[in-house]
Amino acid sequence: MSFQGQAPFVIAISDEHLSLLSKKLALATLPDEIDGASWDYGVPLADIKRLVHHWKNGFDWRKQEAALNAELPQFTRDIDVEGYGTLNIHYVHKKSEVTGAIPLLFVHGWPGSFIEVRKLLPLLIEASPDHPSFHVVAISLPGYGFSSAPSKKGFEITQYAEVAHKLMLVLGYDEYVTQGGDWGYMITRKISELYGPKYSKAWHTNCPVSGPPTTSRPLVWLRYALSGFPLLSYNKREKTGLERSAWFQRQGFGYFAEQSTRPQTLGYGLADSPVGLLAWIYEKLVEWTDGYKWNDDEVLTWISIYLFSRAGATASIRIYYESLKVANASGKDLFSLAMHNKVPVGWTHVPNLVFEAEHEEGGHFAAYEKPEILAGDLRKMFGKGGGAFGVVKDKNGYDA
Amino acid sequence: MSFPGQTPFVIAIPDEQLSLLGKKLALITLPDEIDNASWDYGVPLADIKRLVHHWKNGFDWRKQEAALNAELPQFTRDIDIEGYGTLNIHYVHKKSEVTGAIPLLFVHGWPGSFIEVRKLLPLLIEASPDHPSFHVVAISLPGYGFSSAPSKKGFEITQYAEVAHKLMLALGYNEYVTQGGDWGYRITRKIAELYGPKHSKAWHTNFPLSGPPTTSRPLVWLGHALSGLPFLSYNKREKAGFERSAWFQRWGRGYFAEQSTCPQTLGYSLADSPVGLLAWIYEKLVEWTDGYKWDDDEGSVLSSTFEKLKLDWPAASVRIYYESSKAAGGKDLFSLDVHTKIPVGYSYFPKELLILPRSWTRVPNLVFEAEHEEGGHFAAYEKPELLAGDLRKMFGKGGGAFGVVKDKN
Numbered sequence: 001m002s003f004q005g006q007a008p009f010v011i012a013i014s015d016e017h018l019s020l021l022s023k024k025l026a027l028a029t030l031p032d033e034i035d036g037a038s039w040d041y042g043v044p045l046a047d048i049k050r051l052v053h054h055w056k057n058g059f060d061w062r063k064q065e066a067a068l069n070a071e072l073p074q075f076t077r078d079i080d081v082e083g084y085g086t087l088n089i090h091y092v093h094k095k096s097e098v099t100g101a102i103p104l105l106f107v108h109g110w111p112g113s114f115i116e117v118r119k120l121l122p123l124l125i126e127a128s129p130d131h132p133s134f135h136v137v138a139i140s141l142p143g144y145g146f147s148s149a150p151s152k153k154g155f156e157i158t159q160y161a162e163v164a165h166k167l168m169l170v171l172g173y174d175e176y177v178t179q180g181g182d183w184g185y186m187i188t189r190k191i192s193e194l195y196g197p198k199y200s201k202a203w204h205t206n207c208p209v210s211g212p213p214t215t216s217r218p219l220v221w222l223r224y225a226l227s228g229f230p231l232l233s234y235n236k237r238e239k240t241g242l243e244r245s246a247w248f249q250r251q252g253f254g255y256f257a258e259q260s261t262r263p264q265t266l267g268y269g270l271a272d273s274p275v276g277l278l279a280w281i282y283e284k285l286v287e288w289t290d291g292y293k294w295n296d297d298e299v300l301t302w303i304s305i306y307l308f309s310r311a312g313a314t315a316s317i318r319i320y321y322e323s324l325k326v327a328n329a330s331g332k333d334l335f336s337l338a339m340h341n342k343v344p345v346g347w348t349h350v351p352n353l354v355f356e357a358e359h360e361e362g363g364h365f366a367a368y369e370k371p372e373i374l375a376g377d378l379r380k381m382f383g384k385g386g387g388a389f390g391v392v393k394d395k396n397g398y399d400a
Numbered sequence: 401m402s403f404p405g406q407t408p409f410v411i412a413i414p415d416e417q418l419s420l421l422g423k424k425l426a427l428i429t430l431p432d433e434i435d436n437a438s439w440d441y442g443v444p445l446a447d448i449k450r451l452v453h454h455w456k457n458g459f460d461w462r463k464q465e466a467a468l469n470a471e472l473p474q475f476t477r478d479i480d481i482e483g484y485g486t487l488n489i490h491y492v493h494k495k496s497e498v499t500g501a502i503p504l505l506f507v508h509g510w511p512g513s514f515i516e517v518r519k520l521l522p523l524l525i526e527a528s529p530d531h532p533s534f535h536v537v538a539i540s541l542p543g544y545g546f547s548s549a550p551s552k553k554g555f556e557i558t559q560y561a562e563v564a565h566k567l568m569l570a571l572g573y574n575e576y577v578t579q580g581g582d583w584g585y586r587i588t589r590k591i592a593e594l595y596g597p598k599h600s601k602a603w604h605t606n607f608p609l610s611g612p613p614t615t616s617r618p619l620v621w622l623g624h625a626l627s628g629l630p631f632l633s634y635n636k637r638e639k640a641g642f643e644r645s646a647w648f649q650r651w652g653r654g655y656f657a658e659q660s661t662c663p664q665t666l667g668y669s670l671a672d673s674p675v676g677l678l679a680w681i682y683e684k685l686v687e688w689t690d691g692y693k694w695d696d697d698e699g700s701v702l703s704s705t706f707e708k709l710k711l712d713w714p715a716a717s718v719r720i721y722y723e724s725s726k727a728a729g730g731k732d733l734f735s736l737d738v739h740t741k742i743p744v745g746y747s748y749f750p751k752e753l754l755i756l757p758r759s760w761t762r763v764p765n766l767v768f769e770a771e772h773e774e775g776g777h778f779a780a781y782e783k784p785e786l787l788a789g790d791l792r793k794m795f796g797k798g799g800g801a802f803g804v805v806k807d808k809n
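Protein chains in written order, with our numbering: chain A, 1 to 400; chain B, 401 to 809.
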């Protein structure tokens, strides 16, 4: 497969990088901890000590690097972004054997990356008469993975959407569908706003966000207003979800507040301290997942993508600042958007909702935690009989 | 001066710590920056580069250490805290020549420390027929400076107040006055609540807080409700104060959100990265002051003080946010209304973080008020003469708190 302008890419972190990491780890200074702290104050010291020990003694980056390169065919290419010049974009691209496979763009968020697609990808590509197949493109957003970062102010959701859309076009995918969570939700939603229905034909998210209903949707609002009454109260799952949202609002919001106001200040520590970066991200890997049993290699590989990223970890958090700035300017409160991420089902109902599935397990990083479940959902949504079957012309996911 | 249970203390950072710092500085990795970012995204890269360069090449910690030891007589002593065992507390203590000097406890906040008192102290101690003098005690709060940190959960404002109060008693100051800003405001207010009027006789703060008026104060509330009307609107200074407060609430509370929820997670990078700690604190030294011209030695002194004194300081020092927020039970920490029963004095500086109309903060026991044209959050350090002047007025002859301490006016 050869695409003009596209350069094959393999992850090949330099020896100097690895050596510097090793020197920093040798000097790592850890804080004290309150007795019996557990997770009350943040990541427990015991977790970090164990991970640092493994990082120094057992973790084999070259092995992880080789595995990633083997599983995920990667490329880079230049993409022009209006007002921002040319960015060099890194992405995964793998086609299915099925000629009628649906082109799907997978968009990660923070602290995610292209590697979130690694388990989902083989399931989506897989050929079968019983379910549709997909060609998969997983972009590294500017400032993440091995994509370059914008150097000018104001690069926000609209620009991320533009980059991703242009990537699909230049890969020859004039019509495509998208899947995203976290910032991937915001970005794929923007893609559908700006480039649908002409190019973006359907979008799926595992992170539907909504504020509480307003009177513009009277029935949903009424239910909300009366949810205090026993007969009309939300069901157990919805209540748990609302509690989860409330937890996030009370306890889980610190990173968001700092990243959306002072990303550079935070960024000095994240750039300089591998342990600091590890703790900052690992906290989310644990708190945002549903009891996922991370092994230390997985954690360190995940963090390494940030540590060794082309633009550095600091570049990745500017999306919060730029997006909050836009929200502020339009009078919206981005914070409250972020907060309500586990809302009763009626709140997220929109007229064009064609597929919905609720699951008993899984968390924020759905593609990584529950790839079979997510793949199953996409297959239902896009497969024969599904609500988005045949949205892409001549590419319904099956061999002709 | 000899006090039982007190040990004289000099700052003497071991060579190993300086050496470790040197090694870490040699391996520094800095982030990139958006073009022309200025202060939009946080501390500018150029500032950090300059400070790091000075830290590596020009900064002489031993010289700074010697100066601190020369200016500030320091001590440590054990203090028992109910439920927390014994903590070893570090403090500055200097008496005035004036025998009737007023014992004054100075309480810092975050990211402050005992060194905030260094310029104010000589002014307060100074003898003169024209103004009162003070004996000065500047405590290092548990988890700060050279004080040990609590190891159990839940150590919050009440405990900090208890430690400080017990320190004053142990030094023979059965009656005393206090001065504090930032957490020092909350802690000295708690001291006034718990230990006034028997021991704590009056308190002064440069960080007076209050919530918006409620109907419990009908006239003030009415004034606020009608402040949209031209002739009842707040004056220019008060409006500027609202803007400053709004800026802080919207853009300046990221650190607060993280420190009050996940101090440990943040603490890993503060503990491991000198430049990370430098940036985290330096941001406040600039944003919270009124154009104060920090020189690189000062910038590094302050950070070095924090970083090297105790390498576990960074995580321990920020826990006060977590514990206090938890204790406040979800109420906004910044606007809890509490009325103390002892005389209180307020000094208002224009670049403080939360600036409220005088009508909101006025309490029945307010005996002194002063507004200034310049100065910010670290008033004692930025404007020591102004703050000393205010304390002299408040406690001096004719002042609202004159003679509050028996036999020590």
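Treat the hints with care, as some may be off.
Covered, in the sense of this in silico footprint (three residues per stretch, anywhere, with C-beta under 8 angstroms from a C-beta of chain A), are these stretches of chain B [stated by the list, open to error]:
(1) 433-445
(2) 547-556
(3) 595-601
Since the hints were derived computationally from the structure, they do not count as laboratory data. Cβ coordinates follow ideal geometry from the N, Cα and C atoms, glycine included.
Do the hints match the structure? See the list:
1. For the stretch 433-445 of chain B, the assignment as covered by chain A holds, since 11 residues bring a beta-carbon within under 8 angstroms of that chain's beta-carbons and 3 suffice.
2. Restraint check on the stretch 547-556 of chain B versus chain A: 5 residues with Cβ-Cβ distances below 8 angstroms, three needed, restraint holds.
3. Only residues whose beta carbon comes within less than 8 angstroms of a beta carbon in chain A count, and the stretch 595-601 of chain B has 0; fewer than three means the coverage is violated.
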